[in-house]
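S.K.: Make the full structure from the sequences, and use the hints.
Heads up: the sequence lines are chains A and B, in that order.
Using the working numbering, the first residue of the first sequence is number 1, and each one after it goes up by one.
Using the working numbering, the first residue of the second sequence is number 1, and each one after it goes up by one.
If you're looking for bench data, these hints aren't it; they were derived computationally from the structure.
Keep in mind the model is a prediction, meaning the values are calculated, not measured.
Just so you know, even glycine gets a beta-carbon here, dropped at the ideal spot from N, CA and C.
Within a straight-line C-alpha distance of at most 30 Å, the following computed DSS-like cross-link-like pairs (lysine-lysine) qualify:
| hint | chain 1 | residue 1 | chain 2 | residue 2 |
| --- | --- | --- | --- | --- |
| 1 | A | K35 | B | K497 |
| 2 | A | K301 | B | K122 |
| 3 | A | K6 | B | K93 |
| 4 | A | K3 | B | K93 |
| 5 | A | K311 | B | K102 |
| 6 | B | K118 | A | K301 |
| 7 | A | K35 | B | K471 |
| 8 | B | K535 | A | K301 |
| 9 | B | K93 | A | K35 |
Rough simulated footprint, nothing fancy, chain A against chain B, three-plus residues with beta-carbon under 8 Å:
| hint | region |
| --- | --- |
| 10 | 86 to 95 |
| 11 | 102 to 110 |
| 12 | 516 to 528 |
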Amino acid sequence: MLKAKKKTGLVFFPAFDWAIDPSHPEREERLLYTKDQVFEEGLMDIEGIKEYKPAKVTENEINRAHFCVPDIQTVTTSSHFISAGGAKAIAQKFASGEIDNGFALVRPPGHHAMRVVHGGRGFCNINIEAVMVEYLRKEHGYKKIAIVDTDCHHGDGTQDVYWHDPDVLFISIHQDGRTLYPGSGFTEELGGPNACGYNINIPLPPKTSEEGYLYTIENCVLPILNEFKPDVIVNSAGQDNHYSDPLTNMNFTAQGYSKLTTLLNPDIAVLEGGYSIESALPYVNAGIILALAGLDYSNVKEPDYNPESLKETPETIKYIKDLCKKVMGIWDSRNDLKKRVYGNDPIFKRKRNIVYDTDGIYERQFENVTNCDKCGGALKIDSESDRGWKITGVHLPINACEQCVTQAEKWYEDSNAEISYFHDNKNDRFEKKKR
Amino acid sequence: MIIGIDVGGTHTDGVLLSGNKTEKSIKIPTKKDNLYESVIEALDSLIEKTDPSKIKRTVLSTTLTTNTVVQNKTSPVAVIISAGPGIDPGYYKIGEFYSIVKGALDHRGRELIPIDEKELAKTAEEIKKLGIENVAVISKFSPRNPTHENQKEKIFSKTFKNIFKGHNVSGHLNFPGRINTTWLNAAVRDSYEDFFDSVNKSFIERGIKSPVHILKADGGTMPLGESVNFPAQTIFSGPAASVLGAMPGSKKDIDSIVLDIGGTTTDIAILANGDPVIAQSGIRIQNLKTLIRAIETKSIGAGGDSWVRVEDSKLLVGPERKGPAMAFGGDLPTPTDAFVFLGEIKEGDFEKASKGINSIATTLGISPEDAAEKIADKAAQNIVDAFTEKIFDLNNKPVYTLHEFLDGYVLNPKEILVLGAPASVFAKRLEKLSNIKTSTVKDFSIANAIGAAMAKPTCTVTLFADTAQRKAYAVSENYEESISQNYSREDAFAKAKSLLYAKAEKMGADMNNLEIDTIEDLSFNMMRGYRSSGKNIRITLQIRPGLVAV
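M.R.: Put into structure tokens, the structure is as follows:
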């Protein structure tokens with residue numbers, strides 16, 4: 001009789017009646033075969049594995065992570081609430097000690113959703129990890145959180161939400177942005193001035209397989225986590241590094257994902273992308289669940305699994321080893337980076353343009369953040385999209401210091417944008433005014 | 001007239017009903033070593049003064065299968081497994097002979113690895129040498145394609161008479177559950193067949209020619225003849241009988257809680273708008289996951305004889321039972337003693353009950369009256385907490401569509417129906433503590449037999465269609481059809497419905513009064529690249545359990 005070594009919670013929400021559109025990769029069918037495999041394996045009946053229903057998420061819980069333009073209702077559907085609620089349910093059970101770890105097997109995904117949301121990017125509207133992380137910090141008092149994003153695409157949304165936050169370490173391992181959407185995620189994206197060095201990108205070359213991926217985890221991700229000492233480790237568990245994925249060019253496997261999960265040992269895993277719905281997902285998900293529960297997954301293999309044919313070339317392995325060395329060099333020098341990269345202005349400014357491929361939107365942003373040694377800083381974003389909206393969002397992180405609170409309040413007061421938002425995560429105060 | 005007989009662990013209850021009227025009822029001790037004799041004793045007493053030709057229907061509920069398992073009287077079974085990728089099937093080892101052979105299917109039933117006839121022939125020889133006569137063949141994903149199991153049956157049937165196939169037990173995907181359920185059917189069949197033959201003979205001898213039915217765990221019946229192939233379905237029919245017995249007194253437009261309170265345990269079940277809530281995905285038997293559908297019941301250690309004591313100056317009641325109440329010769333105080341002390345139960349030794357209550361009162365430093373009230377309230381509170389949790393769990397069951405999440409049925413019980421010996425003394429406290437209107441079930445000591453007598457036949461059909469593979473299956477009906485690419489959800493639904501009707505008729509259902517529930521109704525467009533490669537359709541229908549019209 002199988003018995004889990006760790007109490008593992010699962011939220012399985014395949015949203016069998018929701019799609020971006022009928023032929024979109026993010027469609028009703030996506031988790032159908034995963035459900036078949038998970039149920040046929042009897043995973044939910046194993047002693048120690050428990051299935052939960054998604055929790056409910058409130059608008060303010062979304063406000064902690066996002067400025068939704070013009071409002072939350074316009075840029076979401078109920079599926080986004082339930083998907084975020086799935087992650088929240090696992091966080092609840094984890095925080096209460098009911099489970100040792102958990103997996104939110106939900107859709108739609110969220111890791112391309114940035115702080116400002118004008119619509120969908122990379123199939124994502126609401127950053128479900130960020131909503132969950134803010135819930136863990138606010139309701140359960142966790143201080144330091146590490147998010148390790150193992151989706152094949154750069155987790156640019158999560159990177160953006162936590163760009164200025166030194167208490168949330170973000171590590172994204174993905175296929176090199178020169179070869180894949182969203183075209184970002186390079187090693188020099190270090191984090192904002194107040195969190196410089198706490199945003200880590202590991203852009204792996206195409207055709208990376210088990211050896212290279214697991215080398216990266218063992219020689220780069222784990223040493224960084226050991227030093228950062230997070231209270232909670234979250235894994236954005238995308239499954240599109242798989243050799244059969246139709247959208248990417250990697251050679252990872254179900255065995256690889258299972259071993260990755262054992263090594264990383266996340267407290268909470270949240271499903272992100274992965275669109276090889278028949279050849280990969282059933283096996284990868286079964287492997288991840290077994291790995292979380294501490295059970296034997298050695299027989300969880302794709303029917304056509306052939307590790308020899310998937311092996312990296314020696315050049316690829318060398319490239320990965322050099323890349324890991326480079327990333328570790330940046331991490332080791334993180335305390336000196338701020339001055340070198342950002343100098344010492346009292347307010348830092350940044351200008352950028354953002355593309356929403358899913359909904360076809362172009363956004364211009366102008367950002368101000370206070371230079372602060374005590375907190376993540378007060379953040380002001382002026383944003384306008386080609387849909388015509390012009391907004392100003394003022395955000396305070398949960399650990400905001402007095403000075404930054406004063407600055408943020410002044411920014412909000414002075415703002416004369418079409419819509420102005422004041423999101424104070426410290427006091428859970430969310431205001432909005434229209435010109 | 002109809003007969004209902006419920007052979008329980010301690011008592012065998014029987015009723016003879018004429019319309020709504022109970023013509024005769026009996027309660028006799030169960031002969032644990034010969035359940036058949038208990039059935040016949042009950043039957044003979046019920047029909048003593050009745051013309052056998054007037055008996056239109058008999059329903060039996062027995063603990064035979066449970067006893068066979070608990071008393072380790074199962075027959076040896078050879079279990080032949082083929083699996084493919086996933087959890088190592090070695091973990092599911094069950095039966096006297098367990099062999100993992102070649103062959104694998106994927107989640108759509110496509111063959112990954114064919115079976116090996118030579119290997120199977122060799123395995124058959126091995127089993128024969130061991131003297132095992134019952135063979136169970138189970139393939140992973142066989143509900144998606146029964147071919148491998150059918151091929152194995154063909155090979156094994158050259159040597160063995162009784163072959164049990166996994167896909168016959170359920171269309172539900174759950175490989176370990178299917179292995180266990182198939183094994184269970186095979187393991188209890190021999191003892192069940194003896195029982196079946198004896199019962200059959202006795203009814204004929206007594207001139208009763210009307211159909212005899214067996215009660216299943218889901219509260220439905222199946223014909224005695226049919227039950228021989230699926231004896232596992234008869235497990236836990238006792239609790240189902242009690243729930244059905246409470247139904248005549250329940251209101252149809254509200255949700256109700258049914259509590260069967262005994263000396264040791266209380267069984268909790270829920271009626272949603274008057275119909276029992278069913279555990280569709282199967283129940284556990286001795287910690288063994290099965291695919292046997294059953295009325296959702298939760299059994300807790302709380303009853304009239306629960307052990308009452310004080311620990312760390314806290315009053316505790318149950319969950320253990322240490323023996324009978326002191327008022328009835330036990331050594332330790334129980335809620336029953338509190339009821340005797342308070343004068344709510346007139347039987348029993350008042351002096352002995354007082355002694356128990358006094359000891360608790362002294363430890364708590366309160367009056368015996370207060371102690372007795374506290375004990376009674378605590379005992380009832382334990383039951384209230386348990387059913388509150390059960391309702392919470394049912395309302396928080398995982399769902400897989402937005403529709404179910406947003407518009408799913410939320411249970412909100414407005415009445416409690418209590419049966420069992422201490423029902424009346426618990427009822428008023430349950431009402432006070434839960435604020436839910438509580439009443440005792442009429443004739444509650446024989447309500448289980450009434451429930452059995454009035455149970456309707458039930459059955460389910462699961463149909464799976466894959467238009468890309470041009471196949472439709474309803475595996476437990478041995479139905480397989482080649483379909484066109486244009487086969488639609490509507491076609492699948494109509495087919496499932498006609499299969500269900502055919503099955504219901506075979507089960508002896510009243511074809512003019514069928515209530516059909518849709519358990520699953522999903523159709524997916526399978527997109528490969530930017531083109532639709534076909535549809536993947538899943539339909540599950542059931543005949544709703546309930547009571548026959550009288």
